[in-house]
Amino acid sequence: MPAEITMPQLSDTMTEGAVVKWLKKEGDKIASGEKIAEVETDKAVMEMESFDAGVVAALVAAEGQKVPVGSLLAVIATGSENPAEVKKKIGSPAPAAASPPASRREVAASRKPAAVAAASASSFARASSGEIREADDVVGHGATRQPAVSVPPVHHQDNGGEHVVVSPVARRIAAEKNIDLHALRGSGPGGRIVKEDVLAFQSPAAATAAAPPPPGNGQSQVIPLTKMRAAIARSLLASKQNIPHFYESIDVDVEDLVKLRAELNDLLEPEKIRLSLGDFLAKAVAAALLRHPALNATFSGSEITRYADVHLGMAVAIPDGLIVPVLRNIHLMGLKEIRRRSVDLVDRARAQRLTQDEMTGGTFTVSNLGTFGIREFVAIINPPQVGILAIAAAEKRPVVRNDQIVARTMMTLTLSADHRVVDGSTAADFLKTLKTLLEQPGMMLV
Amino acid sequence: MTEEMERDENVFLMGEEVAQYHGAYKVSEGMLEKFGPRRIIDTPISEAGFAGLGVGAACCGLRPIIEFMSWSFTLVCLDQIVNNAANVRYMSGGQFTVPIVFRGGNGIAHQLGATHSHRLESVCARIPGLVVVAPSTPYDAKGLLKTSIRCNDPVIFLESEKMLAEKGEVPDEEYLLPIGKANIERPGADVTIVSYGRPLQRVVRPAVIALQQEQGIDAELIDVRTLRPLDVDTIAQSIKKTNRCVIVDEDWGYCGMGSGILLKLQKRCFDDLDAPIEYVHSDEIPVPFSHPLEEAMMPSVDRIVAAVKEACYR
Chain A
1 MPAEITMPQL SDTMTEGAVV KWLKKEGDKI ASGEKIAEVE TDKAVMEMES FDAGVVAALV
61 AAEGQKVPVG SLLAVIATGS ENPAEVKKKI GSPAPAAASP PASRREVAAS RKPAAVAAAS
121 ASSFARASSG EIREADDVVG HGATRQPAVS VPPVHHQDNG GEHVVVSPVA RRIAAEKNID
181 LHALRGSGPG GRIVKEDVLA FQSPAAATAA APPPPGNGQS QVIPLTKMRA AIARSLLASK
241 QNIPHFYESI DVDVEDLVKL RAELNDLLEP EKIRLSLGDF LAKAVAAALL RHPALNATFS
301 GSEITRYADV HLGMAVAIPD GLIVPVLRNI HLMGLKEIRR RSVDLVDRAR AQRLTQDEMT
361 GGTFTVSNLG TFGIREFVAI INPPQVGILA IAAAEKRPVV RNDQIVARTM MTLTLSADHR
421 VVDGSTAADF LKTLKTLLEQ PGMMLV
Chain B
1 MTEEMERDEN VFLMGEEVAQ YHGAYKVSEG MLEKFGPRRI IDTPISEAGF AGLGVGAACC
61 GLRPIIEFMS WSFTLVCLDQ IVNNAANVRY MSGGQFTVPI VFRGGNGIAH QLGATHSHRL
121 ESVCARIPGL VVVAPSTPYD AKGLLKTSIR CNDPVIFLES EKMLAEKGEV PDEEYLLPIG
181 KANIERPGAD VTIVSYGRPL QRVVRPAVIA LQQEQGIDAE LIDVRTLRPL DVDTIAQSIK
241 KTNRCVIVDE DWGYCGMGSG ILLKLQKRCF DDLDAPIEYV HSDEIPVPFS HPLEEAMMPS
301 VDRIVAAVKE ACYR
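Chains as they are written, first to last, in my numbering: chain A, 1 to 446; chain B, 1 to 314.
The following block holds chain A by itself, in its conformation from the complex:
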């Protein structure tokens, strides 16, 4: 039986994806586990492997074309099957795969065959991050998970067992506009999300679009949103709309830390390692979080989960976007390890080569604009986390010591926290600990 390869769902938010590049041509032989394509999700480009060995009979999806999750991408002739015959049987490409659907209704219509195919075909592709568990989870339950991809579910069970009540037309519009219903607050009876709520969610962007600045002499440019830009727009807006942020700033004297860094870098010179201030910050934040677990947490809306381990998200700027790779178990790492791992993550983030696993599961996030010379800033919380630390530049400032004005290397840290679960004094205690660790770096050893 020919093996079908369909668009896998590689993240919870992924509803469509595109084959960036086919790594095999029709007629090529392919072994099980061999890479067949590069697939772009809303966050990254991933390589996809074939589970089946055989001959690539047909490449159904065109490169660069966005198709819904579950759509047929390619067919592999297995065993003694004649690839030409297999291709003929497929005939013209399936409608779902041939063209991006004009409306959600069509997606819904096309999802059943896709789901059935997913359930019956014995073979699928997986993301080649070695994360077989993730891949199995995605495709193994394809038949049941696909519908949730095509149409946002009315009843959504997440950590808190939250139940989203939404009017039919509001659900339809949200699906059309790709709005996450969980980002909305319903104004109807019993908190029902109604049409107005969905439209209101649109209005900030719509308002901007409605009143473009008067044209100048130069040529203005209309830029369609990339998948990443759209994902950023959606999630940050949802964060600001749903999380009551509050902010606390603290000035830290990093004079000694800067000296320590210089000393250590001299010692590490032979190993060609240069620690950055950010590495020390990451280590100090991890240590402070262990002492203040209220901030090393996630919030589902109905319950708080505090973590014994620190998985630190680090916001990384990439061309036209932002990505947050997660340094897992950073609390167990020394500075060299932190340096090595973060450089690797940042490099691969910029190349959009991170696996899904490396971008999720953070328990707290830091955003560092120190190298840009920013004096201080506030960051937006990355839900479901409850805090994010904005790290500004270290700079010489006049400060008062023993009633004398002296020049010291200072740095301003600003914590954004979710006031639903974190209180002002809790946040202040965390910052105080962090300040101590940074001003007396030896404390990180004890």
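Bear in mind the hints are in silico, worked out from the structure with no lab data behind them. All C-beta atoms in this analysis are idealised placements derived from N, C-alpha and C, irrespective of residue type, glycine included. Do not rely on the hints blindly, as some may be mistaken.
Here are the simulated lysine-lysine pairs, DSSO-like style, with alpha carbons at most 27 Å apart [as the list claims (entries may be wrong)]:
| # | chain 1 | residue 1 | chain 2 | residue 2 |
| --- | --- | --- | --- | --- |
| 1 | B | K264 | B | K181 |
| 2 | A | K177 | B | K267 |
| 3 | A | K227 | A | K66 |
| 4 | B | K241 | A | K177 |
| 5 | B | K240 | A | K177 |
| 6 | A | K227 | A | K35 |
| 7 | B | K267 | B | K241 |
| 8 | A | K259 | A | K432 |
| 9 | A | K177 | A | K259 |
The following residues of chain B were derived to be distant from chain A, with all beta-carbon distances above 10 Å [to be verified]:
| # | residue |
| --- | --- |
| 10 | D8 |
| 11 | F12 |
| 12 | L53 |
| 13 | D79 |
| 14 | Q95 |
| 15 | L112 |
| 16 | S122 |
| 17 | G216 |
| 18 | W252 |
| 19 | A275 |
| 20 | E294 |
From chain B, some residues computed to sit far from chain A (all C-beta separations above 12 Å) [to be verified]:
| # | residue |
| --- | --- |
| 21 | N10 |
| 22 | R89 |
| 23 | R126 |
With chain A held as given, fit chain B onto it using these hints.
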């Protein structure tokens, strides 16, 4: 009726007091003089008898108009209407058609008591083989009645004693209105109100004005005009625009006419709805004789406004 009887000699009128008394409500005034007793026929108080006579005449090629003084009195002749009129064409494999119009006053018509205030639309509109028409203006009444008389299937034509004195523009020249086509009486953006006949004339029109003036709600008013076959397309198009729907009739709610309309809409319009469809109907009690109680059990402007506000989350 006169125009149609002049046009087609097969058309005749039969019922209680239609000839010598000119109709219980003077509907057939002057017709006996014009057409004579062969075509304007008085009957005894015998609904089952003259309804059956009409069905037989229709089977034999005539085009009877059967007037009932009140649709409440037709419960004794439902066998003729349901078993015979509605089914003869089907049962005879098309050998017989039944081109007949049953017409008369339907519904609550002011202090006539429980047995004299029945609304028969939901009883008739559920029967395959029947056409059910319920006009709400003089213009519609004439255009639809002429089409009904020319229709080759049995037509249930629902009038109201309270609307016979209604005045309105009616052109001199001949016109026909199609069966099965709803009328968007007033376009609006915020909510679709679906109604017909007497309740539309009595409370829905004033409610639409009150909604606009007092609540700033711009209602689209659809007069379905034909209850079977129902023009679902027009209603669905409207709901696509407004995302809300309120149905108003004077039937009892449970298994009432509006319930049937709701059934046709809910699946078709599901993805266009922002709120559950509201249904304003009479209270489920026998219709009281007392005027204040009768008023209280029926849909009112206030009830419609409240239902519309509910549908609009206001």
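Checked hints:
1. Proximity of K264(B) to K181(B) is assessed by CA-CA distance (about 15 Å); at most 27 Å being required, the pair is judged to hold.
2. Our distance criterion of 27 Å between C-alpha atoms is met by K177(A) and K267(B), whose separation comes to about 23 Å.
3. Straight-line distance between C-alpha atoms of K227(A) and K66(A) comes to about 10 Å, which keeps the hinted pair within the 27 Å bound.
4. Distance check on the hinted pair: K241(B) and K177(A) sit about 18 Å apart at the alpha-carbon level, within 27 Å; holds.
5. Between K240(B) and K177(A) the CA atoms are separated by roughly 17 Å; this keeps the pair inside 27 Å, and the hint holds.
6. For the given pair, K227(A) sits about 23 Å from K35(A) by alpha-carbon distance, which is consistent with the 27 Å threshold.
7. Restraint check for K267(B) and K241(B): the C-alpha separation of about 16 Å stays at or below 27 Å, so the hint holds.
8. At roughly 21 Å between alpha-carbon atoms, K259(A) and K432(A) fall within 27 Å of each other, so this suggested pair holds.
9. For the proposed pair K177(A) and K259(A), the alpha carbon gap of about 52 Å is over 27 Å, so the pair is violated.
10. Its beta-carbon lying about 48 Å from the closest one in chain A, D8(B) satisfies the requirement of being farther than 10 Å from that chain.
11. For F12(B), the shortest C-beta to C-beta distance to chain A comes to about 51 Å, beyond the 10 Å cut-off, and the non-interface label holds.
12. For L53(B), the shortest C-beta to C-beta distance to chain A comes to about 51 Å, beyond the 10 Å cut-off, and the non-interface label holds.
13. For D79(B), the requirement that its beta carbon stay farther than 10 Å from each beta carbon of chain A is met, with the minimum near 43 Å.
14. The Cβ of Q95(B) sits about 44 Å from the closest Cβ of chain A, beyond the 10 Å cut-off, so the non-interface label holds.
15. Its beta-carbon lying about 39 Å from the closest one in chain A, L112(B) satisfies the requirement of being farther than 10 Å from that chain.
16. For S122(B), the shortest C-beta to C-beta distance to chain A comes to about 26 Å, beyond the 10 Å cut-off, and the non-interface label holds.
17. With a least beta-carbon separation of about 15 Å from chain A, G216(B) lies farther than 10 Å from that chain, consistent with its non-interface assignment.
18. The beta carbon of W252(B) sits about 26 Å from the closest Cβ of chain A, which is more than 10 Å, so the claim that it is off the interface holds.
19. In this structure A275(B) is not separated from chain A by more than 10 Å, as the shortest Cβ-Cβ distance comes to only about 6 Å.
20. No Cβ of chain A comes within 10 Å of the Cβ of E294(B); the nearest lies about 32 Å off, and the non-interface call holds.
21. For N10(B), the condition that its CB be more than 12 Å from all CB atoms of chain A holds, with the nearest at approximately 50 Å.
22. The claim that R89(B) lies off the interface holds: its Cβ sits roughly 38 Å from the closest Cβ of chain A, which is beyond the 12 Å cut-off.
23. The Cβ of R126(B) sits about 27 Å from the closest Cβ of chain A, beyond the 12 Å cut-off, so the non-interface label holds.
Comparing the model with each numbered hint stated earlier shows that hints 9, 19 do not hold.
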